[in-house]
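Following the hints, put chains B and C in place on chain A, whose structure we already have.
As given, the protein sequences belong to chains A, B and C, one line each in that order. Throughout the first sequence, residue numbering follows our numbering, covering 5 to 303 in sequence. Throughout the second sequence, residue numbering follows our numbering, covering 5 to 478 in sequence. Throughout the third sequence, residue numbering follows our numbering, covering 5 to 238 in sequence.
Everything labelled a hint here was simulated from the structure, so no lab data went into it. Where a beta carbon is used, it is the ideal one built from N, C-alpha and C, also for glycine. Careful: at least some of the hints might be erroneous.
Restraint ranges, calculated between C-beta atoms of paired labels, are given here [to be verified]:
| hint | chain 1 | residue 1 | chain 2 | residue 2 | range |
| --- | --- | --- | --- | --- | --- |
| 1 | B | Arg-56 | C | Asp-232 | 38 to 46 Å |
| 2 | B | Asn-418 | A | Val-128 | 35 to 43 Å |
| 3 | C | Asp-61 | B | His-92 | 26 to 34 Å |
| 4 | B | Val-308 | C | Arg-20 | 18 to 26 Å |
From the structure, some residues in chain A lie toward chain C, with a derived Cβ separation under 7 Å [to be verified]:
| hint | residue |
| --- | --- |
| 5 | Ala-163 |
| 6 | Ala-257 |
| 7 | Glu-276 |
| 8 | Val-277 |
| 9 | Arg-280 |
| 10 | Ala-286 |
| 11 | Arg-291 |
| 12 | Ala-294 |
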Amino acid sequence: MCGLCGFVYKDAARTGGVGRVLHGMLLPMGRRGTDSTGIALYGPPEDGSFVLRARIEANSGTPERVLETLERAGGVRDHAMEGPNLRARVAYDGDLGDLTDAVEGVPHVEVFSIGRSMEIVKEVGDANDVERSSPFAAFEGSHAIGHTRMATESVVDVAHSHPFWARPFPDISVVHNGHITNYHKLRRKLENQGHRFATGNDSEAIAVYIADKLAAGESLEDALRASVSDLDGTFSYLISTADGIGCARDRFALKPLLYTENDEIAMIASEEVAIRSVDGDATLEPRELAAGEVRWWLR
Amino acid sequence: MEGGAVSDGIPRGRDGHVLQPLWVWSPETIEDIQSKAELGRYTNRGLGMTKRPPHFEDLTFVPCTLSRVPLEGYRETCATSIEIGGRHGAKPIKLSTPITIAGMSYGALSRNAKQALGMAATRAGISTTTGDGGMLDLEREASDQLVYQVLPSRYGFNPHHLRMANAAEIVVGQGAKPGTGGVLLGAKVSPIIAEARQLPPGVDQRSPVRHPDFVGPDDMQIKIEELREATDGQIPIYVKIGACRVPDDVKLACKAGADVIVIDGMEGGTGASPDSLMNHTGIPTMAATVEAVAALREMKLEGVVNLIVSGGIRNGVDAAKALALGADAVSIGTAAMIALNCNRPIYLEDYEKLGTVPGACHHCHTGLCPVGITTQDEDLIARLPADEAADRVEGFLNSMTQELQMFARACGKNAVHDLEPEDLRAMTIEASAITGIPLVGTNFAFRPESFAQAVADAMAAATTNGHKAPQGAH
Amino acid sequence: MATLTSEIDCSAHTTREINQAIKRAAADGVPEIRLTNPAARHCLAVAVMTPIHVIFDGPVGWYCGGMSDGGRITVNGSCGWSVGENLMSGSIEVHGNGGSSAGATLRGGRVFVAGTTGARSGISMKGGTLVVGGSVGYMSGFMMQRGTMIVCGDAADGIGDSMYEGTVYVGGSVHSLGADCVEAELTDDDRALLAAELDPHGIASTGVDWKKLVAGKKLWNFSKHEYDAWRGAL
Numbered sequence: 005m006c007g008l009c010g011f012v013y014k015d016a017a018r019t020g021g022v023g024r025v026l027h028g029m030l031l032p033m034g035r036r037g038t039d040s041t042g043i044a045l046y047g048p049p050e051d052g053s054f055v056l057r058a059r060i061e062a063n064s065g066t067p068e069r070v071l072e073t074l075e076r077a078g079g080v081r082d083h084a085m086e087g088p089n090l091r092a093r094v095a096y097d098g099d100l101g102d103l104t105d106a107v108e109g110v111p112h113v114e115v116f117s118i119g120r121s122m123e124i125v126k127e128v129g130d131a132n133d134v135e136r137s138s139p140f141a142a143f144e145g146s147h148a149i150g151h152t153r154m155a156t157e158s159v160v161d162v163a164h165s166h167p168f169w170a171r172p173f174p175d176i177s178v179v180h181n182g183h184i185t186n187y188h189k190l191r192r193k194l195e196n197q198g199h200r201f202a203t204g205n206d207s208e209a210i211a212v213y214i215a216d217k218l219a220a221g222e223s224l225e226d227a228l229r230a231s232v233s234d235l236d237g238t239f240s241y242l243i244s245t246a247d248g249i250g251c252a253r254d255r256f257a258l259k260p261l262l263y264t265e266n267d268e269i270a271m272i273a274s275e276e277v278a279i280r281s282v283d284g285d286a287t288l289e290p291r292e293l294a295a296g297e298v299r300w301w302l303r
Numbered sequence: 005m006e007g008g009a010v011s012d013g014i015p016r017g018r019d020g021h022v023l024q025p026l027w028v029w030s031p032e033t034i035e036d037i038q039s040k041a042e043l044g045r046y047t048n049r050g051l052g053m054t055k056r057p058p059h060f061e062d063l064t065f066v067p068c069t070l071s072r073v074p075l076e077g078y079r080e081t082c083a084t085s086i087e088i089g090g091r092h093g094a095k096p097i098k099l100s101t102p103i104t105i106a107g108m109s110y111g112a113l114s115r116n117a118k119q120a121l122g123m124a125a126t127r128a129g130i131s132t133t134t135g136d137g138g139m140l141d142l143e144r145e146a147s148d149q150l151v152y153q154v155l156p157s158r159y160g161f162n163p164h165h166l167r168m169a170n171a172a173e174i175v176v177g178q179g180a181k182p183g184t185g186g187v188l189l190g191a192k193v194s195p196i197i198a199e200a201r202q203l204p205p206g207v208d209q210r211s212p213v214r215h216p217d218f219v220g221p222d223d224m225q226i227k228i229e230e231l232r233e234a235t236d237g238q239i240p241i242y243v244k245i246g247a248c249r250v251p252d253d254v255k256l257a258c259k260a261g262a263d264v265i266v267i268d269g270m271e272g273g274t275g276a277s278p279d280s281l282m283n284h285t286g287i288p289t290m291a292a293t294v295e296a297v298a299a300l301r302e303m304k305l306e307g308v309v310n311l312i313v314s315g316g317i318r319n320g321v322d323a324a325k326a327l328a329l330g331a332d333a334v335s336i337g338t339a340a341m342i343a344l345n346c347n348r349p350i351y352l353e354d355y356e357k358l359g360t361v362p363g364a365c366h367h368c369h370t371g372l373c374p375v376g377i378t379t380q381d382e383d384l385i386a387r388l389p390a391d392e393a394a395d396r397v398e399g400f401l402n403s404m405t406q407e408l409q410m411f412a413r414a415c416g417k418n419a420v421h422d423l424e425p426e427d428l429r430a431m432t433i434e435a436s437a438i439t440g441i442p443l444v445g446t447n448f449a450f451r452p453e454s455f456a457q458a459v460a461d462a463m464a465a466a467t468t469n470g471h472k473a474p475q476g477a478h
Numbered sequence: 005m006a007t008l009t010s011e012i013d014c015s016a017h018t019t020r021e022i023n024q025a026i027k028r029a030a031a032d033g034v035p036e037i038r039l040t041n042p043a044a045r046h047c048l049a050v051a052v053m054t055p056i057h058v059i060f061d062g063p064v065g066w067y068c069g070g071m072s073d074g075g076r077i078t079v080n081g082s083c084g085w086s087v088g089e090n091l092m093s094g095s096i097e098v099h100g101n102g103g104s105s106a107g108a109t110l111r112g113g114r115v116f117v118a119g120t121t122g123a124r125s126g127i128s129m130k131g132g133t134l135v136v137g138g139s140v141g142y143m144s145g146f147m148m149q150r151g152t153m154i155v156c157g158d159a160a161d162g163i164g165d166s167m168y169e170g171t172v173y174v175g176g177s178v179h180s181l182g183a184d185c186v187e188a189e190l191t192d193d194d195r196a197l198l199a200a201e202l203d204p205h206g207i208a209s210t211g212v213d214w215k216k217l218v219a220g221k222k223l224w225n226f227s228k229h230e231y232d233a234w235r236g237a238l
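So here's chain A without its partners, still in its complex pose (with noise of 0.2 Å):
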């Protein structure tokens, strides 16, 4: 179980420092699960390009590789390694999801996110851990969301942490707190359909049934809504793609969930204090959502 959070910019042509507040409203949140933290944010677009996260473990000489085979794909930008965490542009226009397994083809690698926009980082502890690991308090951007993790079911690593990005689908990633307790049924219906899990995270299919919706041209609040009825057990989540934000209540509200806007910007957490960490005068008061309620800000 988890907190989660999300923070965005309304207006399209907004950035701002999405970071470090992303960082402000996690670390209250740590309370909620200590297991690991993790953020996808969204920066500014390359025209032609994807931005690469993966993490490379330590010591095994395959940094190098990774980049020879993002090279051969199309093209790297530019790359910087912080510790195991690998980001790197890349200039590639193929499937998605052949370039994952091409880089994941190289040992000990394992890939976060592509997007044109969104980079994920995650790791075990709390908010500060993962600034440790992969600095993203002064990410400029326009939208992030973020999660930190109290493992029920699966392992306590860094592959089974939240976001969980929406692979091969750019720029879409969830956070989730509960336990999709129809997730089998939901993984097979969608395996079935051609695609693919990385994890045996139930939070994972949150994510890929979402992302099957909008690549099928669904809008986002359809996906939204037809998520309360299909997904059975109990969730809050937020879910997040290249122009905003959306997030959902399973129909009995059993995790919580509230939000806050101005015209300016809309926030999203699972408790008051990761809010107000970031809005210390208390100029916004949150709302629960309603049982089965879904919202959304696309930019």
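Just chains B and C now, kept in the frame of chain A:
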């Protein structure tokens, strides 16, 4: 063959032919279907499961003989005490012997029963636990160490009582009916009980399954904080769980901040619960114990978060085996009731009126307990004077302690908590597979890891010796 | 000699320190204590058992005032889940929105939330009064046993599901009634009660189409002939 007078012990019809009930449509099943048809709902009753699960019964001890030295009874001391619940600096519960009396409600039990249990626990130096209905003043007076349950229903929950308690136990579920609320039939919701629970008398009292003010372990962490704030951090916080997905649940309870975890296996009893739930939910206590200990080890919290197991603990032998598997203590509910007089062959006509006999009575739900334990009827309660009943329970607790010490000494231990899995052997392949303890007559535990190891060893041996695949199991 | 008021800056203290300070002040007979910068922290003013007025200048988190008996708590801001849970007596006023399970298992006393509260407000109430100036969420009043819940706004699905003897008044719309929840006739006594409870908050009780909701009593004792009522209830 004529007459049907053949007395060979085989059930025969009048014409002498052997009677052949079908396994699927047994007499029990036929009766069950027909009573459900009459009732229009599923059946409820008291106590616990009827079928036989894999149980501690399937393990045996291998005491010292030549290879190890046993300890003398009477002369060479064997320590039994343990302190539990100190993980976050609270004043721990001190158990002179590693046994506690499990939560049973005043409402399900009579006040004499609760008082007797409290008196016996005090004399034995252990703890009792309140139940779904709150704290009875008689029990607080009688029991030196009283654990206060926080249940989904919060019937009778009083923060002043919480502050008077020696520990608090958040009940997430129990072994008899995990994942489900309870039902106390109208017959047992007497005026006194009803008032204590703020209910109209005589209603069928439904208890919710979830707690009203939190959902899930992340929220429970905040609830635990609230309980600590309410009690100034002075008392241990227990979390009680019905044994289902034990590894996950134990880890989550640890993460949420529990000081003590109580795992109640499927053998656990109850005052009233659906019969189908009792037999078909949860996992056996022996299996749950193994999984809980492994989970605590993985979290590196063994001995830091204490583990109590309950559900079908019948005597000191079962307790000794549970300790050998790694539990810090056991909790008894049904066994304590039986020591009080449950199912004793007295007042036989009253058992008959209930449609049962001593030895097969699980009619707690009727409120007409012939021996005055699970009833609110004054005449019946009078059959259980608290003092004598307390003597019986104290006697039984002493016998359990003696058995614990006997087995520990036989295995060469001067403390019952030094019993280990290596002191046990499994009598069945099933018990071996569940516990990881070697099967008697072999050196092999029937677990996947053991098979994998055996194959690896065999292949290594084959390469070294240049032989083909070796014969024999091992 | 204790000062007449005390003030604590929550940002400088742990939750334990804050709560111990409140308890000490109450024991010393301090009549009022003001806490600034609570920043939506959890478990503040839990188990306040002696008369004292605790004022929070800012929002509080979960379980504010939970398990209290006799104190008075004012929150100038919003609150999280389970405000005043199992309150025995005394009062809690929240001048903002509340979370889910507001007033859960209330035993006595009074909880007032000026704004909107979430799902399962007034769940398993055993007495006391819960007043919500705005709307309440899903399954509010679930398994309510006794007491009074007044909802000035709307009630979401499942209001008053599986009640015993509580009474729910709804001023706005009722989305759907819970199991065994029925509408009863509003009496003059009811109108007087509503006026008495709402006037002090400046909330109009007249000119409102109040719905009075109580248990239909079909779920009080199992009856196989009430199959529709019991089909989903057990």
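Verification of the supplied hints:
no.	hint	verdict
1	B:Arg-56 / C:Asp-232: 38 to 46 Å	holds (39 Å)
2	B:Asn-418 / A:Val-128: 35 to 43 Å	holds (42 Å)
3	C:Asp-61 / B:His-92: 26 to 34 Å	holds (30 Å)
4	B:Val-308 / C:Arg-20: 18 to 26 Å	holds (21 Å)
5	Ala-163	violated (31 Å)
6	Ala-257	holds (4 Å)
7	Glu-276	holds (4 Å)
8	Val-277	holds (4 Å)
9	Arg-280	holds (4 Å)
10	Ala-286	holds (6 Å)
11	Arg-291	holds (6 Å)
12	Ala-294	holds (6 Å)
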